[in-house]
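Peer 1: Here the protein sequences come in this chain order: S and Z.
Residue 7 in the working numbering sits at position 7 of the first sequence, and the numbers go up by one each step.
Residue 1341 in the working numbering sits at position 341 of the second sequence, and the numbers go up by one each step.
Note that these hints are calculated values from the structure, not bench results.
The C-beta atom is built at its ideal place from N, Cα and C for all residues, glycine as well.
Where hints are given, some of them may not hold.
What the hints assert, rightly or not - These stretches of chain S come out as covered by chain Z in the derived footprint (C-beta under 8 Å, 3 or more residues):
id: 1; region: 107 to 115
id: 2; region: 140 to 147
Unchecked claim - Derived DEER-like restraints, expressed as beta-carbon distance ranges:
id: 3; chain 1: Z; residue 1: VAL1243; chain 2: S; residue 2: ASP125; range: 35 to 41 Å
id: 4; chain 1: Z; residue 1: PHE1167; chain 2: S; residue 2: ARG296; range: 55 to 61 Å
id: 5; chain 1: S; residue 1: ILE228; chain 2: Z; residue 2: ARG1155; range: 47 to 53 Å
Okay, here's what each chain looks like letter by letter:
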Amino acid sequence: MNTTATTINSATHQGTLIVAQAEAPLKTGPRVIDYNDRRTVGDITVPDPKMVCRDVNVYYGENHAIKTVSIDIGNRQVTSLIGPSGCGKSTFLRCLNRMNDTIPGCRVTGEITIDKENIYDKNLDVVQLRARVGMVFQKPNPFPKSIFENIAYGPHIHGLAANKRELGELVETCLIKAGLWEEVKDRLEEAGTGLSGGQQQRLCIARAISVNPEVILMDEPCSALDPIATARIEELMDELRENYAIVIVTHSMQQAARVSQRTAYFHLGDLIEVGDTEQIFTNPQHRLTEDYITGRFG
Amino acid sequence: MLPYLVLTLLLLSTIGYYLGRRRSLAMADGHIRNLHSLPSYYGFYTALWCGLPALLLFILWMALGSILITYLVVADLPPEMRSLPPERIDLLVSNIKNLVQGNIVSDTADPVMRAAADQYRRLQAIGNGALWLLVLALAIGGGAYAYRTIAPRLRARNLVERVIMVFLMVSSTIAILTTIGIVLSVLFESIRFFHAIPITHFLFGLQWSPQTAMRVDQVGASGAFGAVPLFTGTLLISFIAMVVAVPIGLLSALYLSEYAHHSFRSVAKPILEVLAGIPTVVYGFFAVLTVAPLIRDTGQWLGLDVASESALAAGLVMGIMIIPFVSSLSDDVINAVPQAMRDGSYALGATRSETIKLVILPAALPGIVGGILLAFSRAIGETMIVVMAAGLSANLTANPLKAVTTITVQIVTLLTGDQEFDSPKTLAAFALGLVLFVVTLTLNIIALHVVRKYREQYE
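Looking at chain S on its own, in the form it has when it is part of the complex (with noise of 0.2 Å):
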């Protein structure tokens, strides 16, 4: 019932980049596949991969949080990670930056490599993966720090910045590419602390590109703001893609299908179902990812 040409079942291919690609287009008529298929669904594969991740698996301790996910991510767009709540999106997107790290009893097998270098090699430094991989969290956090000292943080840290000139400029340009700077340029000596949910969630933006990070990662950037912060920040990841690679964790079915390009449904920990945005709210393939993208489930 479930081998019909669009099926990978990527662990099986041991993360060689092999397509099966349909020879009738998807959108010609429902190939839905049933329940109890967790193999991932549509082509894991873009040309040109910023990120590669092959046969990821994820472990709290004795909970089995990522099973053998495989997922390309392009440059110079933006995939979103959807699936109700516990599906393993937030864990997945933190093995991209390595910030599982800093969680104790947790553990990562695969591989995921950036430009071809893994990730997890024990010759990287993860501080340096970091820089590479800016993020953006749930809830904004900015330090207790002026807004200014916020953003000079990261370049402080690397060494962006030879003099005081410059890294002024730096915080200049990064506050403009926010969208941020018409609003705080007369009052950058103030507390980030002391802006608006949206401001700080923009501010937070602004401290992840300093660094010149090559991927952003947000994890439901927009979560707790309101709906016109929410589409100030939507439209801000429209003017990064060009720059950046995004990946987005959201649990609005609505914020993936305005911002993203590509979309990858999540269920209890397996991938299920990857591919453009548009054919995955227009026509999914697998029957979990319709129930979860109609509203019956999740």
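Chain S is already provided as a structure; the job is to place chain Z on it using the hints.
Peer 2: For chain Z alone, coordinates are given in the frame of chain S:
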């Protein structure tokens, strides 16, 4: 005799509880929903009416009864005795009370006194009898009133809870009032001291030698009460203690909360806190028997002149005592820095030490300062270690190898042994106590304020 009265009251209240509960159940017609409150509340309501007024009367009598009896006995004394000055009357009264207690063999007392004692005893007996009657009557009367007023609409729960609230309020006021009482007594004794010795002399004098003469011709009894050497001694020892405790405590807190593996932390933290449970007197003889000789010998070996009771020995050991204090307070504030701050920093590619230096310590700094101030006020008030390890000689020096003395040590020496209780020498202890109290109170207020300010930052 009187303890039985209290027991009887308790018994009556218990009976009241069951009666009240039974009556409310009877009124409920088998449906507790018919009652405003649960049956047990009606029980408590009855018990409270039964026990509380009677208990209040009992306490009132305990407080005022003997004053009343004394007043009556004094009123019955012959006129020539009554016209004596008040302190002589006080003496008479205490003699009479001693007679009543049977502490004085009554053969030697004169007949007037004996008559007064008999009178006292008689009044006491009458008083106790009346108390029994009144208390029991009040208990039964109150209980009966409550019993009669029980009705399904009676808001027993609200009434009982209000009584409990008042009880809680009284408990908290007792603690506060006691503190205020202690402060006031210290204050008034200090004022008496400042009548004898000018306050400026006490606060700014450089000479401390509190030996006052008992006889006019006594030698070496000048009585100098300049407390500056004590203040400097206290500060010197506290400073040495902080120099030991702050770095070690802070760094160990950083290690435990940021670097240490979970299993190490779960062992090391309790052990560190055990240090706080060691009685200070144990630290004291550790200082005297181990540290002080060690420092003296080392000093001699280096060719330095070290007193055997040096400020250094006392300060070092006091510092060790305070380490767990500093480390556990710092640990708390460091752990209170939200994980999101660390994540934010790590996600930018910061190392652990950069995160600690640039994010965690600045964020936790006010809390750490608060903790250090609390530890400092503790060091200033610490007594046992310095009594044992830091001598008695009030040297005005900043040399940690010399013997110095502290405020607390002097208070102990001034108030122990045979002393006149109204000489400047003993009263000086109260003045020192007042200074100590004011300083530690100020430090604590500042510290608590700083810590609270810090908490607000993350709420």
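Peer 1: Could you run down the list of hints and mark each one as holding or not?
Peer 2: Results of checking the hints against the structure:
{"no.": "1", "hint": "107 to 115", "verdict": "violated (count 0)"}
{"no.": "2", "hint": "140 to 147", "verdict": "holds (count 5)"}
{"no.": "3", "hint": "Z:VAL1243 with S:ASP125: 35 to 41 Å", "verdict": "38 Å, holds"}
{"no.": "4", "hint": "Z:PHE1167 with S:ARG296: 55 to 61 Å", "verdict": "57 Å, holds"}
{"no.": "5", "hint": "S:ILE228 with Z:ARG1155: 47 to 53 Å", "verdict": "50 Å, holds"}
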